[in-house]
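There are 2 protein chains.
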Amino acid sequence: MPIEYGHLETTGRLAAWELKWKQGDPNPPHIFWDSDVAKWMEAASYSLIGHPDKELEKKLDHVIALMEKAQLPDGYLNTHYIAVEPQNRWTNLRDNHELYCAGHLMEAAVAHFHATGKRSFLDVMCRYADHIDQTFGPRPGQKRGYCGHEEIELALVKLSDATGNKRYLDLAAYFINERGQTPNYFAVEAEARGEDPNKMRHQSRQYEQSHLPVREQKEVVGHAVRAMYLYCAMADVAAATGDKTLLDACKRLWKNVTRQRMHVTGGIGPTAANEGFTTDYDMPTETAYLETCAAIGLVFWAQRMLQAEVNGDYADVMERALYNGVLSGVSTSGDTFFYGNPLAAYPGMNGQHYASPDYHYRRSPWFGCACCPTNIVRLLESLGSYLYSTESKSLYVHLYANNRANIDLAGQKVAVTQETNYPWDETVRMTIAPEKPATFTVALRIPGWCRKPGLSVNGKAVSVKATTRKGYARIQRRWEPGDVISLVLPMPAERVVARPEARQICGRVTLMRGPLVYCLEQVDNGRALNDIRLPRSAALRCVKGPKSLGGIPAIQATGLKRKPEGGSDTLYTAQAPKHVKTTITAIPYHLWANRQPGEMLVWIQE
Amino acid sequence: MPIEYGHLETTGRLAAWELKWKQGDPNPPHIFWDSDVAKWMEAASYSLIGHPDKELEKKLDHVIALMEKAQLPDGYLNTHYIAVEPQNRWTNLRDNHELYCAGHLMEAAVAHFHATGKRSFLDVMCRYADHIDQTFGPRPGQKRGYCGHEEIELALVKLSDATGNKRYLDLAAYFINERGQTPNYFAVEAEARGEDPNKMRHQSRQYEQSHLPVREQKEVVGHAVRAMYLYCAMADVAAATGDKTLLDACKRLWKNVTRQRMHVTGGIGPTAANEGFTTDYDMPTETAYLETCAAIGLVFWAQRMLQAEVNGDYADVMERALYNGVLSGVSTSGDTFFYGNPLAAYPGMNGQHYASPDYHYRRSPWFGCACCPTNIVRLLESLGSYLYSTESKSLYVHLYANNRANIDLAGQKVAVTQETNYPWDETVRMTIAPEKPATFTVALRIPGWCRKPGLSVNGKAVSVKATTRKGYARIQRRWEPGDVISLVLPMPAERVVARPEARQICGRVTLMRGPLVYCLEQVDNGRALNDIRLPRSAALRCVKGPKSLGGIPAIQATGLKRKPEGGSDTLYTAQAPKHVKTTITAIPYHLWANRQPGEMLVWIQE
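Chains P and U supply the protein sequences, listed in that same order.
With the working numbering applied, the first sequence corresponds to residues 212 to 817, in that order.
With the working numbering applied, the second sequence corresponds to residues 212 to 817, in that order.
These aren't lab readings, by the way, just hints derived from the structure by calculation.
Okay, derived cross-link-like pairs now, BS3-like style, lysine-lysine, Cα gap no bigger than 30 Å in a straight line:
1. U:LYS772 x P:LYS772
2. P:LYS774 x U:LYS462
3. U:LYS410 x P:LYS410
4. P:LYS774 x U:LYS789
5. U:LYS681 x P:LYS789
To spell it out: a stretch of chain P is covered by chain U in this simulated footprint if at least three of its residues, at any positions, have a beta carbon under 8 Å from a beta carbon of chain U; those stretches are:
6. 461–470
7. 707–720
8. 739–748
9. 770–782
Ideal Cβ placement from N, Cα and C applies to all residues, glycine included.
Construct the entire structure; sequences and hints are all you get.
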């Protein structure tokens, strides 16, 4: 996170708040910049909860002070528009991320308020939210618009929660309900700018999910991050208002993305063309885009669906995305990031078929559009909040990780401790310590990938089968301080295959161990990874992995590789290929591209 | 061809020669248009040789008259520049196809002269060539430039041959030798236009093959059609001047493209990003671009290499490209065309990952950039000239097809008749009839794909092994009128595999019969073609193919397909897949997309 702050400083993103930029100066504040600063502030705030840090708090206070000063009397707050084109406020919601930036600032303000108890940032953002509330709506003189990049909707729900001000929730619902209505606001707005109202990105309003009213949307389409943030907000508003039609729409969209459009890593949005979705079962590998932020968005959405209905399906997807498509976005050193997360890589090719002989797919320290680094940091800093949830007299455990938590349940604090090395190790020892003995339910998620889970309380076996409903083993009993749950989630290495419809990957297997997808890297397996075949009969062995990756479990097996032809340079031949045995070593996908560069492959030929 | 003429008329390409367009009018003559008209004129001229047609000749005369009238006093002739931006002649050779259009007009003029004996068109183009010769060169006041899209080089060699004027050959050599010299002309020219000289398409001068002097180029790079036309001209100039260094460069580039960068169909240039080459062994299938014109260019180049050195390798590639990657460019009805020729297709996807649910990969009647339809027509109309060549007392037979030809050899006419249904049928009966008995060599190409060729003369067996050198069985004897050669080229259906380095296709097989690559279509095999596996042990049967495709030989085999899962909607599973037997039917690749639209697949899982 200090690295992020450094980037914000050196690129001018922080100084932009001083509003010193003048026409003709270089490096004008960009329409994305406020959101980058906001995501760092949000992450920094989460970090303060567990790790108080005066210096960091001071840095935040300094930026907040700049914001207070920059805010216009009517509450408006956006460095790009105030400095660069004040006359054009709210005239291009489709492209210019104005409400999107406001949303990220609101999320950050709420996080800051929860972390520090200070209202400074929150008050700034309430004034801005009030201004937005006056500007947008169905009343005469108001704009019937919504943002081209969803985000403010979910932020307004958080702001409403934090402040108790229901108007913010209503405004979130307004934005959601207005989306995709006829006439399309982006057409109206384009016409007002004197542009062709029918000009659309990729010839469709799907790019920004404004092709249909949200309750009529049945397929996940368009820009993947936008889609995820919209669905998050829909789930939020459904939860806050009890609107079943909105929740039903979420469930339909959830089915579509997780049953037809999600890569095995939880990565979504396979094409760079629209940074988003294509068609059902389209699973490219080397050319797959799978933006880090989209997988993060899927985690956000999964968590919200889990709040609406505790169901292991949501938690399974959340875990899949988190441990694979999200974590791959950051290096083991924590200072470089992937924007896209393909499932195969080949030296010389960047996946979008721009070739350069010296090119290797590597993480970068920063991007011009820096959404992913800041997004991954704010997710990882708030990960604690994804582990548990409560509902009257039930404590749900969604994810397993070494941690201690104090949870409010049924009128008292319950101290929960998990001791585990999950996902490397298959056992979780959980201590449940209510202040005083009480009857409640502890519901433990039994991951969908686990075939033979074992469960005991204080050493006494509990039948998983008998207690499990919708993916959670529900143990209702009188809990006393010091009760110990022992959960064993056997994680043998396994082959996983995709449906026949997934044309690019069918006939191949990926190796998994627990929630982790594995991959082959050239550094362990030599070149021509795609030529390796892994026979169904070959045993999979878990072994200690490379030292430089911390010795985590690797998977080994005996595969087959083509015997090199002696001297012939023929590209195609009618001669039957001969194979020789070869030992293959797979490492967790999220750890790839941390050693010598080379080929990488997730889906192996069977 | 009448269809092409119709398109030229309705799109304004013919009327452009009347030079009536004025600033502000719609549909200004485009920089490509002259080349489209030229390619039609070239094809029409070839057609006149075999099929005299007064009407067609009149149409040509009419266009030529317009050209004569349009030509400026200094010889300059280009509808776009004369009508739209006369002040900008020769200021953007990199992008604006000015010399390229001139080249196509020259090729057409030479074809017209050979077909009709009339000099009308040829004289117009000699005047233009003289103007170009004065404009470009090393002398003071001349431009040291060359075209961003090669073509004029090979055309000037043809013009030199037709007119006996060596200056045109020298100019072709000048353009070739100047290419890639330092300083790069396109940078010089950009600077003169006030543009950034370092701005390059795809960050490199490889796009237009000006990154290095041509004799230092070792890899085929950049835009594929441009590359092919350059190599054609290099081979032409090498042949005409005896420049071995230029021929050696051609041979190195030939090795690179045919050993590392050619799809099994003879298609080249796998990516749409630069309409061209990427890296060695990059063989995408569904996303492969493989422009029809690039495969045509490979045929042109192969023929020229064959003139330089009779070697079956060149003819094999020529035949491969012709019967697969070129022929696939046109429908069986002859009136629709492919611009790109991918090796797999999937409904809803256009190969470049722009998705649309209703999209099917189909041929089009015409394109805004209409290079391919006119190019394929001029190739097919001149196909006769690809069958034979002569060299002192040798007659070479490169391709097999039903035809009669009168060939000048060793001071007399030799009538050659081929009776065959090749490539559907494996026997060729060839009658050799010299005016009077004479001793010479008939050298018959033994295709590289053929393992057990049989050969006889007048019923008496000839050893192919003993007579074959560099892919040609050379029969030297005293030939008498009525001598009959019988050649049998057994063409069983076979599996062909690619080298292990070809990551997208290794582990798969394509079916071939003789020179033809086969493919699976959904209409014959149902959906999810990629899920089909063809075990190595499954016998391949040649059967009579679909009636609607003329009953040509299809290939059948018993493959395996995944058993459909009952009701589960899971995208990924650790359950081992179960397979059931399925009969698969493959048709020749060039005939795909002529029936009901659906999936298509060339490379089948083994």
